[in-house]
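Residue numbers (this note's numbering), protein chains in the order written: chain Y, 96 to 432; chain D, 96 to 432; chain X, 96 to 432; chain E, 96 to 432.
Quick caveat, the hints were computed from the structure, so don't treat them as lab data.
This list has only true hints and no planted wrong ones.
Each pair may be met inside one copy or between any two copies, as identical chains are not told apart.
Keeping only pairs whose Cα atoms sit at most 30 Å apart, straight-line, the calculated DSBU-like set for lysine-lysine is: (1) Lys211 / Lys397; (2) Lys98 / Lys239; (3) Lys392 / Lys285; (4) Lys211 / Lys239; (5) Lys392 / Lys211; (6) Lys116 / Lys285; (7) Lys116 / Lys239; (8) Lys262 / Lys397; (9) Lys211 / Lys285; (10) Lys116 / Lys100; (11) Lys239 / Lys100; (12) Lys116 / Lys98.
Owing to the predicted nature of the structure, the values given are computational and were not obtained by experimental measurement.
What follows is the residue order along each chain.
There are 4 protein chains.
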Amino acid sequence: MDKVKVAVLGGSGYTGVELIKILLRHPGAEIVAITSRQDEHIADLHPSLLGRLDMRCEPFSPDALQAKGTQLAFGCLPHGNSMESIPPLLDRDIRVIDLSADYRLRDVNVYQEWYKEPHQDAKNLAHAVYGLPEIYGGRLAGAKLVANPGCYPQTAILGLAPLVANKLIELTGIIIDSKSGVSGAGRTPKLNVHFPECNESVSAYAVGTHRHTPEIEQALGDIAGEPVSVIFTPHLMPMDRGIFSTIYANPTRAVTESELVELYRGYFAGQSFVRVRTSLPATKDTVGTNFLDLCTKVVRGKVVVLAAEDNLIRGASGVAVQNFNRVFGFDERTGLM
Amino acid sequence: MDKVKVAVLGGSGYTGVELIKILLRHPGAEIVAITSRQDEHIADLHPSLLGRLDMRCEPFSPDALQAKGTQLAFGCLPHGNSMESIPPLLDRDIRVIDLSADYRLRDVNVYQEWYKEPHQDAKNLAHAVYGLPEIYGGRLAGAKLVANPGCYPQTAILGLAPLVANKLIELTGIIIDSKSGVSGAGRTPKLNVHFPECNESVSAYAVGTHRHTPEIEQALGDIAGEPVSVIFTPHLMPMDRGIFSTIYANPTRAVTESELVELYRGYFAGQSFVRVRTSLPATKDTVGTNFLDLCTKVVRGKVVVLAAEDNLIRGASGVAVQNFNRVFGFDERTGLM
Amino acid sequence: MDKVKVAVLGGSGYTGVELIKILLRHPGAEIVAITSRQDEHIADLHPSLLGRLDMRCEPFSPDALQAKGTQLAFGCLPHGNSMESIPPLLDRDIRVIDLSADYRLRDVNVYQEWYKEPHQDAKNLAHAVYGLPEIYGGRLAGAKLVANPGCYPQTAILGLAPLVANKLIELTGIIIDSKSGVSGAGRTPKLNVHFPECNESVSAYAVGTHRHTPEIEQALGDIAGEPVSVIFTPHLMPMDRGIFSTIYANPTRAVTESELVELYRGYFAGQSFVRVRTSLPATKDTVGTNFLDLCTKVVRGKVVVLAAEDNLIRGASGVAVQNFNRVFGFDERTGLM
Amino acid sequence: MDKVKVAVLGGSGYTGVELIKILLRHPGAEIVAITSRQDEHIADLHPSLLGRLDMRCEPFSPDALQAKGTQLAFGCLPHGNSMESIPPLLDRDIRVIDLSADYRLRDVNVYQEWYKEPHQDAKNLAHAVYGLPEIYGGRLAGAKLVANPGCYPQTAILGLAPLVANKLIELTGIIIDSKSGVSGAGRTPKLNVHFPECNESVSAYAVGTHRHTPEIEQALGDIAGEPVSVIFTPHLMPMDRGIFSTIYANPTRAVTESELVELYRGYFAGQSFVRVRTSLPATKDTVGTNFLDLCTKVVRGKVVVLAAEDNLIRGASGVAVQNFNRVFGFDERTGLM
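Looking at chain Y on its own, in the form it has when it is part of the complex (with noise of 0.2 Å):
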């Protein structure tokens, strides 16, 4: 089988440099072209891709990406940035998996709400798939559009999903505290991310307001077939990569670890990158992987759900591919293990 032909928009950042390393290892991908505003060597604005991939910098141009036979984009550039560059895409039928936020809310309100600027393309956003594979992995076969889901609420959606699924918990007032490493922050330098600002701190930010709580409220809401409500506070950690999200709940009736272990070990059978748990996990067991990790606990009456993943890999890169394998109907682990 022929190789499908792949090009990464804007490979200079974190996660750009995360889906080539992963796509070039993978046997049914070829990169045939990398976008960036820097026109540069890949290897030179990532030096660890020295010797690995041997390619120029293009800048973006749709046409040219369609000349060189492109079938499937990944697109790795700011929201607001995507939802501009991506139509002329589709509109040549290229297949676009977009790590951005730009297409995974569903209501262009809600988009408006958070990001503070309106929606520029309701058409593409009506056919969007959210790309969270365990739980709308149905609708992926085949999708000409994949909104790769955020780092964050890929943590606390799986994490909640067996207990909203049966109605165990209540929908409104569920916390989740969670805490990321660095490089969730981007590339771009900033006085917050400046080493020694942020090395050896532990700090809270936007606090109340950040852009994944209605990402993870649209995904729990329809898993529940009802409005849920979640109060989700960001933390950054003195480390490169890691996400570990702690979710407090309270159940809708006395439950047992036990009842919850198998609840989880049910729900998510079948699936490939998720470990359901009894000992208590560490972001650094999933580092370098897919794999995200659950464990549940009953504190005091409140269910406790314990969540780790690579923020880069199974938050961005990595499920990108997993919806990657799925569109074109590879074996979901390909290039992952």
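Use these hints to put chains D, X and E onto chain Y, whose structure you have.
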């Protein structure tokens, strides 16, 4: 005025060395002895003390401490060990500020439930003062035995005190999600705090079973005048020092953020070491100091309190000196600014 | 072609787990046994292996390994222990790639001098191949016993090989100033690698006495055809993995930087895993890979070589698989890209 | 005695905030002004100063500083900027301790060679005192302009001074391999010091071109009474603060380690802030202090000196206060213990 002659019991750990450094700057204290089972020069145990303190550790001996004129001993011993060592000091009229957990819980049954061994010194427990100066300050002057508070509890108790005192929140189901640097785990090498294990990783531990839980509840119960119950989840952060607690509570009536700031500023008016902020705190802002930083938010109807401190200073040795200052009538800030 | 049946001896440490992860991706290898004194499931020792390898550790038994058809054993045992365990395997026609130091030094007197104990297996030492493929590659095909090289020595030997081979530098007084991440110290908790001790700190250790010194000198002597002597100073860096060596040598004649680049590119032409760079390397560029990055500078008449690698992969388990590939005739890069 | 009125020029960076913290503890200094282009409260720039200093930054104005009775200004400005700002202060009889590089190099040609711009203030350069108290202490009392020494140079100069003064080593080809924490790169966000870039990584930079080279050589030349030349290689370490220098020199005659210890102890006898050790130093032993730790070894005929300091305190703001103390006749240790 003569300097107060003090001894440090258990000088080989992290709280011991922090205490020594603070005391070396304190104009009203003179270290007359450091005890340790390790028969070594203190600067061999802690090379940072080279050229700053020329003293050899000695075995613990109440008689020897008395012979040196010790007026107060800081106990940096493990729990269990403390309640064996402290009674003979009190019998010799040596005051004690105990940094262990042995005299923090007033109810010996609660002690036994959480520490899995019977309390051995109910007699002195009866008069021990819980050394959280902002709450129990009135009882500290002249105290014979001060139970220095735990590191996590201070963030939780002070973070919640104004709310609990005013019955502004429900007193059950309060969630305290705490993140601590590794020094909180002590200086004994173990696999979970071996550098390559915990570096670049975040994990939860002792979920639902951490011994600081009853300590938090006891103090909050004192403030509320009725029982308080909390869900406390500690996490290990890849950094040396610092605790960040994110606290979630259900208000009993609608509150605004500005109202909370005013409430907190009023409650802590005149306190030297509590900083009520409107900006989000970071542990780094407090490292090396005795300050505890607090910020309050209202998120979707919940009150969120963010608290940060240096776990070794504010969380242990700094507040111990703050207690020392109050016991002997020094300005509370002496040696701590 | 059938997969080669391999065993991992000593699976509880860091080189063991890295090796397992690489072998799981290797299309030509099948792990049939992992030995450890810890009678546990491998994923309990290393939670990162959850869902990736379902295997229980077993006690070391040459007969049991033979019964499982083991064709090659990777030895991840401590030195001393290795030379006891390996002879019975070789006697059973099980090949060995030994990651310990036991078969690296050809001269048993040198071994005794640096390791402070007599060598116990001179017989097999006589035919062991020092497994640095770029230098001794010709001897690896079909080798029975490969002494996998040390982490530091690879940076020094490959960093200096082109200079020494061409007698472009003086062969005495070469300075090798190396900086290593903490995983190089192994997985046994000790005070010097306890997180709060070594985090946020840089220190030197084993100054003038590190056992990698004779290993470096032996290989460089082979390349030079005459004795070489070095001053080797290892340092501990506050990071998980990575070695950076800064090497200073006196050229025997004036050299230019461009001449050195050409020399190095020529010397390593065709090598898969040595990247000769003109930009300054960083250990991060190599982390997670089997690459060793080299850059040469001329500073005030001295040659300065900068070398970077991942100490656990290129420095141990990756090069072990590179050796495995050469022993069994696989493409050298199999499982390593 | 009245306190000396001091100003801090350029309060927004790391040396500025460290200096402020030290001065707040200094019984003989009163901060009357902090200048910055950022028109903000100092605690908004540095939240760690909350509750410790209630002062707004002001634009730099020599007249305003004079009007406030400023007796001495600490210059924490970038080089180039310093030599523009300092002359008008000196003209108003305000003394200056300049933490920039502008007045360190006596020879304007050397300045131009390394800093790539002409020196603008030869007049004041002529009377500037290089503020390394252990070497130039005799010239500090009453000095009008002190050029505070660089962070790296102090480890190199003090590390080599006893050897150079006694002509115990060859004066050319001395190798100084230095490792620094990231705060040494300043507070301006840049890609190379962006957390996910430099965390968990070691790299060299400015190999052969670092501007501290001539500063080291000038001071060592003064001590030797003849030219000294060094090869200086700085490295970036993944930690906030600390410098570790490993220095290699060729002795002019055979020396023993015990002889070196004696030499160093004699040379630094009576110095408050140099600790000559027989144990290997670690930067952590010095963090938060003004101490510089030295240890000497003899390895295969070479002298190896190991030097450690806190780059922000001993390497900048601490030694600035040490200089301040000497200029105004305070005990050198005031505010620094």
